[in-house]
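Asker: We have chain Z already, so just place chain G on it with the hints.
Read top to bottom, the protein sequences are chains Z and G.
Using this note's numbering, the first residue of the first sequence is number 3, and each one after it goes up by one.
Using this note's numbering, the first residue of the second sequence is number 3, and each one after it goes up by one.
It should be emphasised that the hints constitute simulated quantities derived from the structure, not laboratory data.
As the structure is a prediction and not an experimental result, all values here were calculated from the model.
Don't take each hint at face value.
Each pair may be met inside one copy or between any two copies, as identical chains are not told apart.
[Stated by the list, open to error] Calculated pairs, SDA-like style, for lysine to any residue (alpha carbon to alpha carbon, straight line, at most 25 Å): (1) Lys123 / Glu182; (2) Lys290 / Ala476; (3) Lys123 / Ser394; (4) Lys123 / Ala181; (5) Lys290 / Glu467; (6) Lys290 / Gly145; (7) Lys290 / Ala377; (8) Lys290 / Val571; (9) Lys508 / Arg393; (10) Lys621 / Arg327.
Number of protein chains: 2
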Amino acid sequence: MGHSPVSDGEPSTWVPAQVPGAVQLDWAAGQGWGPFYWGDNWRDYGWMEDAYWTYRAMLPTSSPGSDSRAVLVCCGVDYACRVFVGERLVHEQEGMFTPFEIDVSEHLGQELRIVVSPAPKEPGVAEGRDQARRSCKPAVSYGWDFHPRLIPLGIWDETYLQIWGADRLADAETRYRLAEDLNHADLELRVVADGSRGARVRWQVEDDSGRIVVDQTGPLTETQTARLDQPELWWPHDQGPQTRYRSRVMLLDGDGQVLDERVQAFGLRRVRLVMHEGAWTWPDSFPKTRSNPPITLEVNGRRIFGKGANWVSPDIFPGTLDEGRYREQLELAKGANMNLLRMWGGAPVQKEAFYRLCDELGIMVWQEFPLACNAYPDDPDYLRVVDQESRSILRRLRRHPSVVLWCGGNELFNGWSGMTDQSHALRLLNANCFELDRQTPFLPTSPVMGMGHGHYVFADLETGEEAWSLFQNASCTAYTEFGCGGPSPEPVLRSFLPEDELFPPKPGTVWETHHAFGVWMPQSHLYLETIEHYLGPVTSLEDLVEKGQLLQAEGFRGLFEEARRQMPVASMALNWCLNEPWPCAANNSLLAWPCEPKPALQAVGEACRPSLASARVRKFMWRPGEWFDPELWVLHDGPEEIEGGAMVAELDRGTGFEPLLSWDFPTLAPNQNLRGPRVQFQLPPSAAGRMVLRLSVEGRPELESRYTLVLSTGSSNAPTLKRLNF
Amino acid sequence: MGHSPVSDGEPSTWVPAQVPGAVQLDWAAGQGWGPFYWGDNWRDYGWMEDAYWTYRAMLPTSSPGSDSRAVLVCCGVDYACRVFVGERLVHEQEGMFTPFEIDVSEHLGQELRIVVSPAPKEPGVAEGRDQARRSCKPAVSYGWDFHPRLIPLGIWDETYLQIWGADRLADAETRYRLAEDLNHADLELRVVADGSRGARVRWQVEDDSGRIVVDQTGPLTETQTARLDQPELWWPHDQGPQTRYRSRVMLLDGDGQVLDERVQAFGLRRVRLVMHEGAWTWPDSFPKTRSNPPITLEVNGRRIFGKGANWVSPDIFPGTLDEGRYREQLELAKGANMNLLRMWGGAPVQKEAFYRLCDELGIMVWQEFPLACNAYPDDPDYLRVVDQESRSILRRLRRHPSVVLWCGGNELFNGWSGMTDQSHALRLLNANCFELDRQTPFLPTSPVMGMGHGHYVFADLETGEEAWSLFQNASCTAYTEFGCGGPSPEPVLRSFLPEDELFPPKPGTVWETHHAFGVWMPQSHLYLETIEHYLGPVTSLEDLVEKGQLLQAEGFRGLFEEARRQMPVASMALNWCLNEPWPCAANNSLLAWPCEPKPALQAVGEACRPSLASARVRKFMWRPGEWFDPELWVLHDGPEEIEGGAMVAELDRGTGFEPLLSWDFPTLAPNQNLRGPRVQFQLPPSAAGRMVLRLSVEGRPELESRYTLVLSTGSSNAPTLKRLNF
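This is chain Z alone, in the form it adopts within the complex:
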């Protein structure tokens, strides 16, 4: 692999390439550079976005056999490429999500070259995400508040040579529609075959236990249909099993010999977005506007509260991601009781393994198309790429039961983007989703009417209002982004910060280029003043990490629980964000790069338990002598009823737990919260630093919850700091 400044230039130096991967990593490895994430090393990669990168390989010389074809299969090149065999241009493409196949049977023994073009940029636009607004290149890598300016390029998904028989199944897709009462499924098999010998298609469907439930043979040219009675359904992990069927499709010749075979796993689920209880009664006065659009997920007839996070780029270089990397993050998410991930539109659509794992683990996926925070134009050339890429994404992902929601992209209907319901790209995406996967709901963007994004701070830096209070005064139908910053674990910090910059953290150092300062406010994402306001001066790196992570954990705990208390009006709580693309010094993420949990992950996992004792606490910092007045709740979104019990609220101000209140709560129906009494307890006149509120239920340790709070003589409001405009 090598680079050239011009389109037809011959690279002067060649280095080995990792496929799939990224040209940047190959070049750095070839040059013996240190890690891209250390210090400010990322700056060395800037020029690479404007080069032409050529991959080369020799095609093998052996013939595939008289009745076979040798086909180059490429699942994705990031972002635009030309493919040459010998001197001949055989393929040209824009768009990283559309796979391609090239028959190279006649060219064996020749050199294959894949020339990757420079990163697409809207001409005449200053450096930044705006440059991404006329392409389907994910915008995040043009620079974001958790991502340096570093734009990956290269072959990013599986690419190989495959020998096929001339008669083969180019595609075989099993689709289905569940009956209204879910008592049967109508299956449909569509086949595309190459070659001249295929005559008939045998279709077997096997259930989860290996039993054959469909076995039939039909003419090649016809769509086959079959009915499954009393089918087993696919459920999110907290609602039921992740049953999948296997569809085995065999292409037969005239004598019944099998020419080719394909196997597809599929799960049966019906998903809808439905109105929450009471939604139609609003608005209730004239002039009357519309009711809020629906955002409550209903899967297989059951309403489900969506608990989870925003999945952003888990690596600057998506080409390096594989099943192993996906699995460790997804198992942590599932372990934190998350049932829904929003695949944020600023980042790339993930590789196939990601969605297969979500099917397996029972995690629902809200999939956005690659549009984020830009005014993508009505331009026909751009729309042609959106059309191509969205169709490729739809055809691939609609086969996964976990993909329960399509969405046009991120925050497109807000001022910083400037798109509207009239934007052609969004009307096209809606139309394509309707054509290719109409049984799955579609949102043009997030947020839409009724939904809310933000805040992204523990306490507002202008008003001092805490995020808990903002949520308690809000009434959104879904909280689909909200953040609390926290520093990375110490080992992660040490993995990229020079020893002499480790402590104290300062603007103008690697802390800043790794997003601890000056991101969208001078204080983000570390918020050192906020940490010290609540928890006192930080004295060491260890102390900083402990205090910052505590604030993040308790912040997120309170926000998730509050969103859940607002059920059924609210039906989703998805924090910003699960992961991060490189080691941030501080970030809203629950996992530091590459996959290091912060304490907030555990707090979120506790707040997302199907059932728990929960306290609505008005604020984090209390003053001596104030009336402490948490409201007691039982949160319960599981699919079965839970027994009543005796809840006890206790407070530990450093000298052991004192009882505040007992509450006998009754049996709760499935998916139903219960609001209980409010504590009224006057705090003693002297400050005690941290205090812990514990809610426990006799004999039910799984319901217990603890809240760390602060009792301080300081002002109970966060410091109000002026935002700077950059």
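Answerer: Coordinates of chain G only, in the frame set by chain Z:
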């Protein structure tokens, strides 16, 4: 024409048929019945909705000639039909908006029969509009608050036998796209030809003055393109000329002989929905939802305040409408300074002449599809009809420059309908509009977020709050429905009310069946108590009409002016409603059936002048001794600046005009209002009945406005009356 209770039944009685028309009118005429609108005659028509109706005619015997075809052309049968020639079924169709053609050349001399099916009804649903929810039959005729239960059926649009050459232009459509700077238009001609002799297509485009601006010939199989430089644009009447071009398309044989010719008029305009000034700054707090969707019409780069009305069914029987009926209503609308009509989705899409007239008169059309106030299902059979009908409507109407906005239907996102953004019918309509006419905006329904419908009363019957005040406290982006009831003119009332029921109006009489009582509240649409509350006891029919119409006129005047004062946040004021389908005793309409203006039409026309002096008056009824405090404004939405002037506000309390305030206002830019000072005048201690506020500008009589108000010792609130649930 005759009827049968069963599908294959032979009618026992035949009566002459009017085509286009309606089976009900033919049958009534054949039986010598009185007018359908007299008294309760409409009740006699109830059974007709369930009969099968057969039209018959003999096809002529003369041969069309060896090289010609005889074709039955039918522009519309309401609602489902089968067509037979002799014994043979030659066509079957559901949907009144899809025309059909049947080649009957081989069947001349035989009998043609068109059998119309009973009105479609959702099975198992009680009588009412819900019965229309699985079809594209307009819902209004199943019974509405201004329409009796009377469901028209039959051949409702032009139907004739046409002799064509075998070689002909089946279609020739000229489409265009204007350049961003409007300095040129790219034209495109697509042709569909029948027969075997056509070889080439000659295309001439003629401008408004008869000059040929395009003249070219190309192969039959290719789309032709041409460019118009500096094109003349089509404008709404209050903004510029209604320029139309003519496209003449000739099918030529190999020798250049003309085989067939088609002429199409087209106008060039670019229409967008854009955000109002300041719209992106909202929302401004966390959690942050989306900004309001855009609803400001921008035509040819110029923002236009939409002033107009909702067009409902102007006749129970749409088959009786023709160019003359349309013209008298449209000229009255234009005369009332209306530039926009909302074609309400409860009513049928109109005949071709309507849109041709709107092109000619410069009236913009917001066209809805036939969905209203129902939960139209995701059912595939229903969606197939929606797909067919919407494509037919789109292909016909997209040729009209006046059609500036597509809309899914009426109030679909409110509780009484129950559809959402996820409803398949609306996603399909969005997709079809995007595919067939993407340069014209699309709304899923009205209202959407930010927009408002209602109120429909002069004063709220529960709270007493006046509609003026509701509007003054609202901040909608568009007021697309709002009503004030008023009685019909005396001659109209006498045309259907029996002499002995004329006065006083009473529930349980023809007043009630003609919508003066018990429609959605016991008082609607006459609101006798409200009239007497404000204007004193009514003593005769003449007195009732004068007082009721005054309240309606002043109500609408104040609402239109207030909506305009809220520009640019508000960008539309469309009252409910312009016309009515039969003579209502009282209704929100400005025109009584068939086309009798009420005084409110003139008041609306005055409120919709491009420029006027305007007063924001807080309420209609004032008490002696109160401080009278109208705020002075100049309203101006014309495309040129207007000179400043000296405005004088005067009040006449029955003894001549007394001056209240003078205001010198400056020159106003195009499309800009100006808010002026507020009068502060203490009303005298004694009541005077009606009073008139006059705003005049020296030497500018066209700006003068007058407001009739009431000075009364009564309570200043309307009576609060309890709504009944029916």
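Asker: Does each hint hold? Answer for all of them.
Answerer: These are the hints, each one checked on the structure:
Taking the shortest alpha-carbon separations for Lys123 and Glu182, only the inter-copy value of 22 Å comes in at or below 25 Å, while the best intra-copy value is 47 Å. When the C-alpha separation of Lys290 and Ala476 is checked against a cutoff of 25 Å, the pair qualifies both within a copy, at 21 Å, and between copies, at 10 Å. Proximity of Lys123 and Ser394 under a CA criterion of 25 Å is satisfied intra-copy only: 22 Å inside one chain copy versus 41 Å between copies. Taking the closest pair of Cα atoms, Lys123 and Ala181 come within 25 Å of each other only across two copies (23 Å); inside a single copy the shortest separation is 47 Å, beyond that limit.
With identical chains, the CA atoms of Lys290 and Glu467 are at most 25 Å apart between copies only, with a shortest distance of 15 Å across copies and 32 Å within one. In this homomeric assembly, Lys290 and Gly145 come within 25 Å of each other (Cα to Cα) only across copies, at 23 Å, whereas the closest approach inside a single copy is 42 Å. When the C-alpha separation of Lys290 and Ala377 is checked against a cutoff of 25 Å, the pair qualifies only between copies, where the shortest distance is 19 Å, while the shortest distance within a copy is 30 Å. Taking identical chains as interchangeable, the C-alpha atoms of Lys290 and Val571 lie at most 25 Å apart whether they share a chain (20 Å) or sit on different chains (16 Å).
For the homomeric pair Lys508 and Arg393, neither the shortest alpha-carbon distance inside one copy (47 Å) nor that between copies (63 Å) is at most 25 Å. When the C-alpha separation of Lys621 and Arg327 is checked against a cutoff of 25 Å, the pair qualifies neither within a copy, at 38 Å, nor between copies, at 68 Å.
Hint check: violations occur at hints 9 and 10; the rest are consistent with the structure.
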